[in-house]
Structures are given as C-alpha cells and as structure tokens.
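Asks: Taken in order, these protein sequences are the chains called A and B.
Counting from 1, one number per residue, gives the positions in the first sequence under my numbering.
Counting from 297, one number per residue, gives the positions in the second sequence under my numbering.
If you are wondering where the hints come from, they were derived from the structure by calculation, not from laboratory data.
On a predicted model such as this, the values are computed, not experimentally measured, just so you know.
All C-beta atoms in this analysis are idealised placements derived from N, C-alpha and C, irrespective of residue type, glycine included.
There's no promise every hint is true.
[Stated by the list, open to error] The calculated DSS-like cross-link candidates involving lysine-lysine, where the alpha carbons are at most 30 Å apart (straight line), are:
#1 264/A x 546/B
#2 475/B x 462/B
#3 261/A x 414/B
#4 416/B x 478/B
#5 560/B x 83/A
#6 416/B x 114/A
#7 45/A x 104/A
#8 123/A x 551/B
#9 217/A x 526/B
#10 390/B x 526/B
#11 546/B x 102/A
#12 390/B x 235/A
#13 551/B x 119/A
#14 37/A x 609/B
#15 462/B x 224/A
#16 462/B x 529/B
#17 390/B x 237/A
#18 126/A x 187/A
#19 137/A x 159/A
#20 545/B x 416/B
#21 583/B x 526/B
#22 393/B x 267/A
#23 560/B x 123/A
#24 261/A x 484/B
#25 114/A x 526/B
#26 398/B x 261/A
#27 119/A x 224/A
#28 83/A x 45/A
#29 126/A x 364/B
#30 545/B x 580/B
#31 558/B x 315/B
#32 187/A x 114/A
#33 551/B x 114/A
[To be verified] Have a look at the derived ranges for each label pair, beta carbon to beta carbon:
#34 608/B x 188/A: 49 to 59 Å
#35 66/A x 631/B: 30 to 40 Å
#36 265/A x 333/B: 53 to 63 Å
#37 609/B x 118/A: 56 to 66 Å
#38 544/B x 295/A: 47 to 57 Å
#39 631/B x 46/A: 49 to 59 Å
#40 609/B x 281/A: 53 to 63 Å
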Amino acid sequence: MKIGIPRALIYWKRPSFWESFFENLGFEILLSPKTNKEIIEMGVKNSDQENCFSNKVYFGHLIWLDGKCDLIFIPRLKTNEEKLEYCPKFFALPDLAKILVKTKILTETFDERKEKFGKSLEKLGKKLDKRGKETKKAFAFALSKERELREKQEKNFLKRIKSKNEKIVLISHPYNLDDEYVNLRVKERLEKLGAEAIFINEIPNSGFQIPNPKLPKFHWEFGKEIMEKIEAVLKYKIDGAIEISSFACGCDAVLKEFIEKKFKENKIPFLYLIIDEHTGEAGFQTRLEAFLDTLK
Amino acid sequence: MEKPIVTFANWGNYTVIFKTLFKELGVEVLPPEKTNPNAITEGAKLAPEMFCFPMKVNLGNYLSAIEKGANTIFMATASGGSCRLRYYGVIQDKILKEAGHKTDFIVFDQAIGDIYSKIKEISGASLYQILKVFYHFYRKLRFIEELERRTQYLRPRETEKGLTDKILAESISKIDNLKNEKEFPKVKKKILKRLSEIKFNKNKELPRVGLIGEIYTVCDPVVNFEVEKKLGKEGIEVHREMDLSYQLKKKIFFKDFFIQRKIKPYLGSTVGGHGRDAIYEMLKYAKDGFDGVIHLLPAMCMPEVTVRPILEKLHQEYQIPFLSLSLDEQVAEAGIDTRLEAFVDVVKNYHARKKT
Chain A
1 MKIGIPRALI
11 YWKRPSFWES
21 FFENLGFEIL
31 LSPKTNKEII
41 EMGVKNSDQE
51 NCFSNKVYFG
61 HLIWLDGKCD
71 LIFIPRLKTN
81 EEKLEYCPKF
91 FALPDLAKIL
101 VKTKILTETF
111 DERKEKFGKS
121 LEKLGKKLDK
131 RGKETKKAFA
141 FALSKERELR
151 EKQEKNFLKR
161 IKSKNEKIVL
171 ISHPYNLDDE
181 YVNLRVKERL
191 EKLGAEAIFI
201 NEIPNSGFQI
211 PNPKLPKFHW
221 EFGKEIMEKI
231 EAVLKYKIDG
241 AIEISSFACG
251 CDAVLKEFIE
261 KKFKENKIPF
271 LYLIIDEHTG
281 EAGFQTRLEA
291 FLDTLK
Chain B
297 MEKPIVTFAN
307 WGNYTVIFKT
317 LFKELGVEVL
327 PPEKTNPNAI
337 TEGAKLAPEM
347 FCFPMKVNLG
357 NYLSAIEKGA
367 NTIFMATASG
377 GSCRLRYYGV
387 IQDKILKEAG
397 HKTDFIVFDQ
407 AIGDIYSKIK
417 EISGASLYQI
427 LKVFYHFYRK
437 LRFIEELERR
447 TQYLRPRETE
457 KGLTDKILAE
467 SISKIDNLKN
477 EKEFPKVKKK
487 ILKRLSEIKF
497 NKNKELPRVG
507 LIGEIYTVCD
517 PVVNFEVEKK
527 LGKEGIEVHR
537 EMDLSYQLKK
547 KIFFKDFFIQ
557 RKIKPYLGST
567 VGGHGRDAIY
577 EMLKYAKDGF
587 DGVIHLLPAM
597 CMPEVTVRPI
607 LEKLHQEYQI
617 PFLSLSLDEQ
627 VAEAGIDTRL
637 EAFVDVVKNY
647 HARKKT
C-alpha cells in the first residue's frame, strides 16, 4: 500500500518522522515533490482566497498527490507534549482535504491534553491493521531517526554561529524556512551577499523557560518556542534579524508585535518580510540588500 | 492613583447596557462615540496591519473616548479559545502605550470568577450589589435581543415603511437614558406597547434568510453595513441565532458538545472562535427550508476562513443560496450593496421556484 504525504506545512513540523514511521511499518511512501510553481498555482486556485499562503501551498501538494497513492496521510495536530496548541488552521486540515481530493484520507487526532502521543499513534496503527507492538517499534525507530537529524543540525549551528560573517537570524515557521521555493531561497541569497543565515529552528532548545512577565503566556506552541529561541540566540552576537510571514497568517500578526519589540530592545536591526504567491524576486532581493547595507 | 474613567468598545445595541453596567457600580464611564468611518480609519492606522478587523474598530472606539479623558479600558477576551481574541487585551495595551496614551487595561476572561474579582477591584461594590447589577444587565440584554428579533420579523411586513426601525432606535435610547432600574419594567411595557401598535401584514409569506458567522460582525449593524435592515427593506425575513446571550448560554450549558455531534460529518474538531457554530447554524437553516444564508466575517478571521470551504460544500449539497461577506476597513458600502442586491434576487427566485 502506498501512503502519500504532502511535503508542506505540518510535514515540516517533523520532517523525516512520518516517513520513517510508515516505512518501518512496511508501507511505501510517496512524498509530494518540492514546492514548485505548478503546485503553488494549483493550491491558490483551489483554496479559499483569504486563507494563509502556507495553507494554499499545502493544498497544492495535496492535489498533486490526488490519485497517485492509496491513502493520503493528514494528522489532525491539536496540542503538543507541553499541552500547547498548534495553529487553529491545522485542526480542520483533514476535513478540508476531504472536500478537495478523491483519494481516501488517513488521519488521527493528536491531542496530548487528552491522550499521550504514543497512544494516538497506536490508534493510527490499528487503522492500518498493525499491532501495538509493531507501532511501538516504528515509533522508536522514527524518534531515533529524528534525533540523529537534530544532532547534526545542532552541530552545524554551533559551527556557523562562530562564523566571522554578519550573522542574521531568520525567524519564521519551519514550513516557511525549510521550504526553499516558498521563501525564495532566502538563505542562498543572504549567503551570496556575504552573510550567515541562521534559521530559528536550528537553534538548540537549551531550556530557557524563565517566565517573562513582559510577555503574554502563549497558548501556541510556536509562540513559546520562537520566543524562547530568541532568548537563546541573543546570548550570541547577532547582527540582524529577519522575520518572514506568510501573507494572511493570523498567528504572525500577534507574534510579530513581540518579536519586533524584543529585537528593538536589544538594538538589533529588524526586517519584516511578507511572502505570498505574488512576491517578486527582484523586490525581495532589493530589500535584503538594503537591509544588509544598513548593518555595515 | 487617578480616579478611573472607564471606556469600552462599541458593540451594536449592546453598547448602552455596558454603559449602565459600570454606572450602576459607581464607576465613572465615558462611552465611546458610535462607530464611524473616521474611527475605523484611525484605529486601522494604529493596529498591526495583518490583525483582524474588530481590533481596528475597537482601537478607533477607544481613541475617541481617550481624547475626552477616559483612562481605563474594559476589554472582554476569550482565554479558552484558539483564535486571536485571546491576545486582544495585551496587543491593544501595547499599541496604545506605544502611541503615547497613558491608559490602564482591565482584561476580562469569560469566566465568572475572574469577572467578579476584577469588578470588585475597580468598584469596591459588595457581592450583593454586583449580583444585582448583573441581574439588571442580563434583564436588559434579553430585552434588547427580543427587540431585535421582533424588528427582524416586523421590518419586511410593516405597512408604514421605516416605522419599526424608528421605534427600535427610540427604544434603545430610552433604555440608554434610564435613570433608575426600578423604572425598567414600566419602560419595557411602554416599548412593547409601541411595538404592538405597528400595523403589519400578518399573512404575508416571505423568503427567509439566516445570518451566520463571527459574533462581532453579525451583531454590530454599523460594522456589517446594516445588513439586517437592508434585507428587511427588500421584504426578507432575517433570522439570527448568534448573539451575546447565545454565547453566555454556550458557556453554561456545554453547548459545544452537542454542536460537535451534529456537525461531525463535516468537521471533526473545533477550529477556534465560532467556526463550528457557523456550520451548525447553516445546517439548521438548510434543513429548515430557508431561502438563503449570509455569512459575515472580518477579513482573514482565522476560524471563519477555515470553515468557509465547508460552508460552500453545504451550499452545494443543499442548493441553498449562500453569500459570504468579508468585512474590513477597505470594504466600501457600495460594493456590499451591489452584492446584497444580487443576492436578494437569487433568494427571491429561489423562494418563488420552491412554491411551484
């Protein structure tokens, strides 16, 4: 049996995890290709106009998979192990997918306020006629794969943070940072301009859990994570910060206020970029160049 | 510390009862000006660009009152919800401070204990007094909602055009100018008498349209360009389930649980805000044989945008006319009117076809 996974949005929350999990269970995996122009066009055409750009990209990947596999896997991610919520737009993804595609949707709710992650995984395994033992094994395998990737990333980060070039932190959601086409290859562009681009999700979680009275208590997992990682990265010498938002992202409208304030307080230059299907490469490049000029 | 002078955001006809709520508690109140295009523009200038529309209107409302001397802002948020309303208080506080206004914020969670302790803090009133004030508040709230429902029924049927709206406006200002709570039953009787004197065509069978969507835009006639009134004038009976007491009841009676059971085939989870309610209401209207559904939302509202494809699917399944109107500071009334006019034609045709 072939299981399709759209390579967008929630995929980037845990890249490699779901593939290794299903592969260990003995299924064939079909990942949608890297985002390209056609995928974005399909997504934009088929989703609600006012939906955020990242969701549109996701629907594009979904439609690409339609008919090419037996099942499409879309988890309903609600809360993580810290009992913090994901973006509310993730809650309805399986239901919206049912409207868009004809291929059967494989889904399971992951709400750790009600149930441990492993338990939900077992339920998911049962839907595929797998015994609890097998799912547990696959879960452990997927976790170890994920850890390997993470360690490699952290080593890489420690090397790059010592770089002599201007270090610029890129703040955004993993689905904007890790998807090259979506962020117009911002990393490559910055490197060409002689700067070192550091993604916020590469920064190791070093447990900066000091409650900050100036900040609201975020109920979004990414809100808490991003603010914590900013605290962590501020310990190093940073030359500039760029936040990238998908157009119409409701959560970023809230977050941006606090992120911008944080960098302004620390006197670090800050640039805010919004991306969507109309973002032109030339304008994007100009803004990056101008920003780097102000750092000198 | 300065004496607190409280102001709050405008919200349709409810504004008047919020005013008296504070007055009765012995707190000085400065109600905001009625929402107007100028207030919306000023608010939109201050608010973060991608934030949802109600925040921009709220800020505009506060500004008009702050100019006149208000120094404390009362804001209700939903601390349990998944949408951005949760951060309204903090963000508004931050924005006003950055704009150089020295204002305090009282942020209410929608929990009885929290409301009680915060009211106690600013007013120093006793428990008995607070309970009494809330009883009065609820009494007026129910009455205003009853008035609104009656006007929805009367508007398309009245023989003298425009009379119902005139009486509604008069009644609201009468409730606003109430000097003593003891007079309320008398005033209520008077208003009901005035309403009963309206002559209307009882046997008229009219097309019915349901209003669904986000609570703030649905309940505030200024923000939604008086959709109810416009439809009523065109001879359409408007129904709306979403109002403040619906929201209060939902909190008390675990209504979410029953709603979720009804909409299970369409949506398997909450999406924050009133996303589920919109589907539930649309299903209800479609099954009740309504002739159309209008979906109102602030532009880019997260829950409503998420459920809109599902509403569109319902629209196709039940073949019921459907119109979704996103509202923000850039929407012009003329554009809304054109779309409404076209929709009214569709609704009337649908209604006529159904009869034959």
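Asks: Evaluate each hint against the coordinates.
Replies: Verification of the hints:
1. A distance of roughly 42 Å separates the Cα atoms of residue 264/A and residue 546/B; the hinted pair therefore is violated under the 30 Å criterion.
2. Using a Cα cut-off of 30 Å, the hinted pair residue 475/B and residue 462/B holds, with the two alpha carbons roughly 22 Å apart.
3. With a CA separation close to 29 Å, the supplied pair residue 261/A and residue 414/B stays within the 30 Å bound.
4. Under the criterion of a C-alpha separation no larger than 30 Å, the hint pairing residue 416/B with residue 478/B is consistent with the structure, at around 23 Å.
5. A threshold of 30 Å between alpha carbons decides the hint, and for residue 560/B with residue 83/A the separation of about 24 Å falls inside it, so the pair holds.
6. With a C-alpha separation of about 35 Å, the suggested pairing of residue 416/B with residue 114/A is violated against the 30 Å cut-off.
7. Proximity of residue 45/A to residue 104/A is assessed by CA-CA distance (about 22 Å); at most 30 Å being required, the pair is judged to hold.
8. With a C-alpha separation of about 28 Å, the suggested pairing of residue 123/A with residue 551/B holds against the 30 Å cut-off.
9. The straight-line distance between the Cα atoms of residue 217/A and residue 526/B is roughly 43 Å, outside the 30 Å bound, and the hint therefore fails.
10. Among the hinted pairs, residue 390/B with residue 526/B is inconsistent with the structure: their alpha-carbon atoms are about 38 Å apart, more than 30 Å.
11. Between the alpha carbons of residue 546/B and residue 102/A the distance comes to roughly 36 Å, so the proposed pair goes past 30 Å and is violated.
12. At most 30 Å may separate the alpha-carbon atoms for a hinted pair to count; residue 390/B and residue 235/A meet this at roughly 26 Å.
13. Restraint check: the Cα-Cα separation between residue 551/B and residue 119/A comes to about 28 Å, which is no more than 30 Å; the hinted pair holds.
14. Proposed proximity of residue 37/A and residue 609/B is supported: the alpha carbons are some 27 Å apart, at most 30 Å.
15. This hinted pair does not check out: residue 462/B and residue 224/A have alpha carbons roughly 51 Å apart, beyond 30 Å.
16. As the CA atoms of residue 462/B and residue 529/B are separated by approximately 13 Å, the hinted pair is consistent with the 30 Å bound.
17. Restraint check for residue 390/B and residue 237/A: the C-alpha separation of about 28 Å stays at or below 30 Å, so the hint holds.
18. Distance hint between residue 126/A and residue 187/A is unfulfilled; the C-alpha atoms sit about 41 Å from each other, more than 30 Å.
19. This hinted pair does not check out: residue 137/A and residue 159/A have alpha carbons roughly 34 Å apart, beyond 30 Å.
20. Taking the CA atoms of residue 545/B and residue 416/B, the gap is near 24 Å; set against the 30 Å cutoff, the hint holds.
21. Under the criterion of a C-alpha separation no larger than 30 Å, the hint pairing residue 583/B with residue 526/B is consistent with the structure, at around 25 Å.
22. Proposed proximity of residue 393/B and residue 267/A is supported: the alpha carbons are some 20 Å apart, at most 30 Å.
23. Restraint check: the Cα-Cα separation between residue 560/B and residue 123/A comes to about 19 Å, which is no more than 30 Å; the hinted pair holds.
24. Note on residue 261/A and residue 484/B: the hinted pairing is violated, with a Cα-Cα distance of about 51 Å set against a maximum of 30 Å.
25. Note on residue 114/A and residue 526/B: the hinted pairing is violated, with a Cα-Cα distance of about 46 Å set against a maximum of 30 Å.
26. For the proposed pair residue 398/B and residue 261/A, the alpha carbon gap of about 19 Å is at most 30 Å, so the pair holds.
27. Proximity of residue 119/A to residue 224/A is assessed by CA-CA distance (about 25 Å); at most 30 Å being required, the pair is judged to hold.
28. With a C-alpha separation of about 35 Å, the suggested pairing of residue 83/A with residue 45/A is violated against the 30 Å cut-off.
29. Distance check on the hinted pair: residue 126/A and residue 364/B sit about 65 Å apart at the alpha-carbon level, beyond 30 Å; violated.
30. As the CA atoms of residue 545/B and residue 580/B are separated by approximately 18 Å, the hinted pair is consistent with the 30 Å bound.
31. A C-alpha spacing of about 38 Å is found between residue 558/B and residue 315/B, which places the hinted pair above 30 Å, so the restraint is violated.
32. Distance check on the hinted pair: residue 187/A and residue 114/A sit about 39 Å apart at the alpha-carbon level, beyond 30 Å; violated.
33. With a C-alpha separation of about 20 Å, the suggested pair residue 551/B and residue 114/A falls inside the 30 Å cut-off, and the hint holds.
34. Distance hint check for residue 608/B and residue 188/A: the Cβ-Cβ separation is about 39 Å, which falls outside the suggested range of 49 to 59 Å.
35. Separation of residue 66/A from residue 631/B is about 35 Å and conforms to the stated range, judged on CB atoms against 30 to 40 Å.
36. In this structure, residue 265/A and residue 333/B break the distance hint of 53 to 63 Å, their C-beta atoms being roughly 36 Å apart.
37. Taking 56 to 66 Å as the suggested C-beta distance range, the pair residue 609/B and residue 118/A does not conform, at roughly 34 Å.
38. For the pair residue 544/B and residue 295/A, the supplied restraint of 47 to 57 Å holds, since their beta-carbon distance comes to about 53 Å.
39. Checked against the given bound of 49 to 59 Å, the beta carbons of residue 631/B and residue 46/A, roughly 25 Å apart, lie outside it.
40. Under the hint 53 to 63 Å, the C-beta atoms of residue 609/B and residue 281/A, about 36 Å apart, miss the expected range.
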